[in-house]
Amino acid sequence: MRPVYMISGGITKFAKAHPEKDFRLMVKEAYDAALQDVPDLSKDMIDGGVGSYFSDHFTRQLKAASMAQDYLGLCPKPSKRVEGGGATGGLCFQSAWEAIASGRMHCCVAFGFETMSRVNTWKGNEFIALASDTNFDFPVGGFYSGYYAMMVNRHMHEFGTTVEQMAMVSVKNHLNALYNPYAQKAKRLTVKQVRESPMVANPLTMEDICTMSDGAAVCILADETIAEQVCDRPVHITGIGSGSDAMRMADRPHGKVPLLPHEQESDYARLKYPGVHSFRAGRMAAKLAYEMAGIRNPLEELSFVELHDAYTSSEIQTYEDLGLCKYGEGGGFIEKGIPFMPGIEYGLPLPDQGRFPVNPSGGLLACGHPVGATGLMQAVFAFWQLQGTIEKHLGSSALQLRDPRRGLIHSHAGTGTYITVSILERT
Amino acid sequence: MKHSETTGKPVEKRQETNLPEGAPLIIQDHYEIDYRHSYAQDSPFFVGLSQGRLLGSRCTGCRYMYATPRAHCMECGAPTTWEALPPTGRVHTFTVCYYGGESFLKETPFLLVLVEFAQVNTLFLSRLKGIPLEEVQIGLPIRPQFSDTPTFKVTDVWFEPIDHS
Ligand SMILES: [Zn+2]
Chain H
1 MRPVYMISGG ITKFAKAHPE KDFRLMVKEA YDAALQDVPD LSKDMIDGGV GSYFSDHFTR
61 QLKAASMAQD YLGLCPKPSK RVEGGGATGG LCFQSAWEAI ASGRMHCCVA FGFETMSRVN
121 TWKGNEFIAL ASDTNFDFPV GGFYSGYYAM MVNRHMHEFG TTVEQMAMVS VKNHLNALYN
181 PYAQKAKRLT VKQVRESPMV ANPLTMEDIC TMSDGAAVCI LADETIAEQV CDRPVHITGI
241 GSGSDAMRMA DRPHGKVPLL PHEQESDYAR LKYPGVHSFR AGRMAAKLAY EMAGIRNPLE
301 ELSFVELHDA YTSSEIQTYE DLGLCKYGEG GGFIEKGIPF MPGIEYGLPL PDQGRFPVNP
361 SGGLLACGHP VGATGLMQAV FAFWQLQGTI EKHLGSSALQ LRDPRRGLIH SHAGTGTYIT
421 VSILERT
Chain Z
1 MKHSETTGKP VEKRQETNLP EGAPLIIQDH YEIDYRHSYA QDSPFFVGLS QGRLLGSRCT
61 GCRYMYATPR AHCMECGAPT TWEALPPTGR VHTFTVCYYG GESFLKETPF LLVLVEFAQV
121 NTLFLSRLKG IPLEEVQIGL PIRPQFSDTP TFKVTDVWFE PIDHS
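For the protein sequence lines, the chains are H and Z, in the order given.
Just so we're aligned, residue 1 is where the first sequence starts under our numbering, counting upward by one.
Just so we're aligned, residue 1 is where the second sequence starts under our numbering, counting upward by one.
Think of the hints as simulated: they come from the structure by calculation, not from any bench.
This one's a predicted model, so the numbers in the text were calculated from it and none came from an experiment.
You may find that some hints are simply not true.
The list that follows gives simulated cross-link-like pairs (lysine to any residue, SDA-like), each with its CA atoms no further than 25 Å apart [claimed, not checked]:
#, chain 1, residue 1, chain 2, residue 2
1, H, Lys123, Z, Val96
2, H, Lys13, Z, Leu25
3, Z, Lys153, H, Trp122
4, H, Lys272, Z, Met74
5, H, Lys21, Z, Pro20
6, H, Lys185, Z, Tyr98
7, Z, Lys106, H, Arg118
8, H, Lys123, Z, Ile26
9, H, Lys16, Z, Leu25
10, H, Lys16, Z, Asp29
11, Z, Lys129, H, Asp133
12, H, Lys16, Z, Pro24
13, H, Lys16, Z, Ile27
14, H, Lys21, Z, Gln28
15, H, Lys123, Z, Glu102
16, H, Lys272, Z, Pro141
17, H, Lys13, Z, Ile26
Stretch by stretch, here's where chain Z covers chain H in the computed footprint (C-beta under 8 Å, at least three residues) [stated by the list, open to error]:
#, region
18, 195–202
19, 246–252
By construction, the Cβ of each residue, glycine as well, lies at the ideal position given by its N, Cα and C atoms.
Please take these sequences and the hints and turn them into a complete structure.
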C-alpha cells in the first residue's frame, strides 16, 4: 500500500436548513473552499471522486452523488456513492484512501452532504429509524433516541455511569463550539440546564442529542508526489480501521472483549460483551486502525480525538471502545475533565482538564449532523488541527491544540452497525 | 403516511407576486406508496403471534438460541428451527419515549424494553404496557400479551409485568 495524505478540506456552515442552496451547491462551496487552500492543484491532477450521502428519503433524488460530481465539473472521471448510515462520511473518507493506497488514483476528492430540512423533525426521525430492522424494530417505536436511551440505561446499570456525567459531555461540546463558526448550536450550558431540557427518551434530554442539519464537507486525498507538490503541510493518514455489528441490538451476542495491546483479559473477567452497552464495531475499528498505525496505548500516543457524539451517552461509550479508558470507566473519564479543552472555562471542577481533548470542534452535538458530511467534517477539523491552521480557518486560536502530532477520527452508523476509525498524523 | 398540511395531492403554487427577489422557491411535494411486503422465511414468527405464540430460533448446529428469529445462525451458519420462547422474561433494559418518529408521536409516552429470557442467548425488542412509567426497572419479570385482532406486525405482541396482569 502506498502512503496516503490529506492535502486539503472544506466545509459549509452546518445549519438547520439551507433552502437557498441545494446539495450540489453546498458541495461546490465546500469543494471551492478546499481548492482555495491548494492553489497549485489543477483539475487535471484530480483522478476522481467519491460521494457520500445517507438517505434517499431525505434527498428524494436517487443518484444524487452523480449530480454533485457533474456540478463540481469532475465528469467523466471515475466516481461512486458510498452509503453506510451515520458512518457514511467516514466510509467515504476511507474509500478515497483506498483509491490512493491501491495506486488506482493519485488524487481523489471525497465529498459528502445531507439535506435533512426537507421534512419536519419527527418525519426525519422516522426516516432515520428506517435504518433499523423494519420487520422487528421499526414498528415497535422506530426512534433512534429510544434505542440509544436503552443502551445507556444498560451502561448505567453495568457501570454506574450517571446522567450528570453525560450532561458534562453536552456542556463541553456545546461550549467548544463557541469558538467554531461552522457549528450550528454553540452555547454555554450548565449540567442543570442539560438535565432540565425536555426529556426525549429517558434519560436522554434534548441537550443530550445532536440535531439534524443541512451541510456539506470535502476532503482531498493524494499520494506523496502530489502532496509534496501542492501542499505545505500535508497530513499523513497512517491508520484505517472499520467494524460492524448485528443490525438488531437484540441480536448482539455476548462474548469476550477484543483486547487492545494495553488491556488484559482479566480487566473484563465478568463483562458480557458487547451486550447493548458497548459498540463492538467501534472496538474492532479502533483495533485495526491502531495495528496499522503502530499505536499501543491510544491515550499516550494520540493527541486528540474527533468522535461521533450523536448522543452524549455514545461519546462516553466510545471513550471505552477506543481504549481511551477501560470499559466501564467512561463516566469517570469525562468527570475528571480529561476530554475537555485546556484553557477554556467550563464552569465545572475539572481536576484533569485538557489532558486529552475529545471533540475540540464541538462534535455532532454542537456542529450538527448532516449525515453524509459528518465523517468528512471530522476529518477536516482534525486536518486543520494537525496542520496548525485552526486560527486561519476558525478565526480564533482557542481550539488550536499545542503541538498535536496524531489525531483520530471516528464515524458511527446505526446502533453501532458500521464504525470507522482513521488515524491522521502531522508530517 | 399522513401530512396534516397537505391534501394528499401534489400542490404547486405560483408565487410570482409574493416571492422576494432572490429568495428560494419552496413547494410542497407529496410522496406516498404501498409496498407488497413479504416476511419470507420469517413468516412463521408473525403467524405464531396471531396464534398467541412467541417463537424464537434454535440453531441446529451449535444450539445457539435466538429470541428474535432468524433462519440461519450468525455463529455457525447452520439452519435454525422454530422453538417457543420461555413463557416469562425480564427487562434487560428500557426507556420511556416522550417523542418518536412521526407515526409514533400519538402513542407517546410509551415504554420500549429489550426482553431477556433464561437460557436464551439474545434479546427481543418490544413495548411494555400496564405499568406506571416510573415503576419500570431492569430485572422486572414480564410476560408476553398477544393482540386479539392481529395485524401481522411485531406489535401483535407486547409485554406486561407478571403481577399486574
Ligand atoms: Zn449455530
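Comparing the hints with the structure gives:
Of the supplied pair hints, the one linking Lys123(H) and Val96(Z) holds, its CA atoms being roughly 19 Å apart against a limit of 25 Å. Between Lys13(H) and Leu25(Z) the CA atoms are separated by roughly 21 Å; this keeps the pair inside 25 Å, and the hint holds. The hinted pair formed by Lys153(Z) and Trp122(H) meets the criterion: a straight-line CA distance of about 22 Å does not exceed 25 Å. Taking the CA atoms of Lys272(H) and Met74(Z), the gap is about 18 Å. The hint holds against a cut of 25 Å.
Restraint check for Lys21(H) and Pro20(Z): satisfied, since their Cα atoms lie roughly 16 Å apart, inside the 25 Å limit. Between Lys185(H) and Tyr98(Z) the alpha-carbon distance is near 22 Å, which keeps this suggested pair within the 25 Å criterion. Of the pairs offered as hints, the one joining Lys106(Z) and Arg118(H) holds, with about 22 Å between alpha carbons and a cut-off of 25 Å not exceeded. For the given pair, Lys123(H) sits about 18 Å from Ile26(Z) by alpha-carbon distance, which is consistent with the 25 Å threshold.
This hinted pair checks out: Lys16(H) and Leu25(Z) have alpha carbons roughly 17 Å apart, not beyond 25 Å. Restraint check: the Cα-Cα separation between Lys16(H) and Asp29(Z) comes to about 20 Å, which is no more than 25 Å; the hinted pair holds. In summary, the hint linking Lys129(Z) to Asp133(H) is supported, as the alpha carbons are separated by about 22 Å, within the 25 Å threshold. With a CA separation close to 16 Å, the supplied pair Lys16(H) and Pro24(Z) stays within the 25 Å bound.
Between Lys16(H) and Ile27(Z) the CA atoms are separated by roughly 18 Å; this keeps the pair inside 25 Å, and the hint holds. Taken as a hint, the Lys21(H) and Gln28(Z) pair is honoured in the structure, with Cα atoms around 17 Å apart against an allowance of 25 Å. Distance restraint check for Lys123(H) and Glu102(Z): the Cα-Cα separation of roughly 5 Å lies within the 25 Å cut-off, and the hinted pair is therefore satisfied. Between the alpha carbons of Lys272(H) and Pro141(Z) the distance comes to roughly 21 Å, so the proposed pair stays at or under 25 Å and holds.
Using a Cα cut-off of 25 Å, the hinted pair Lys13(H) and Ile26(Z) holds, with the two alpha carbons roughly 21 Å apart. With 5 residues having a beta carbon nearer than 8 Å to a beta carbon of chain Z, the region 195–202 of chain H meets the requirement of three or more and the stated coverage holds. Counting residues of the region 246–252 of chain H whose beta carbon lies closer than 8 Å to any beta carbon of chain Z gives 6, which meets the minimum of three for the stated coverage.
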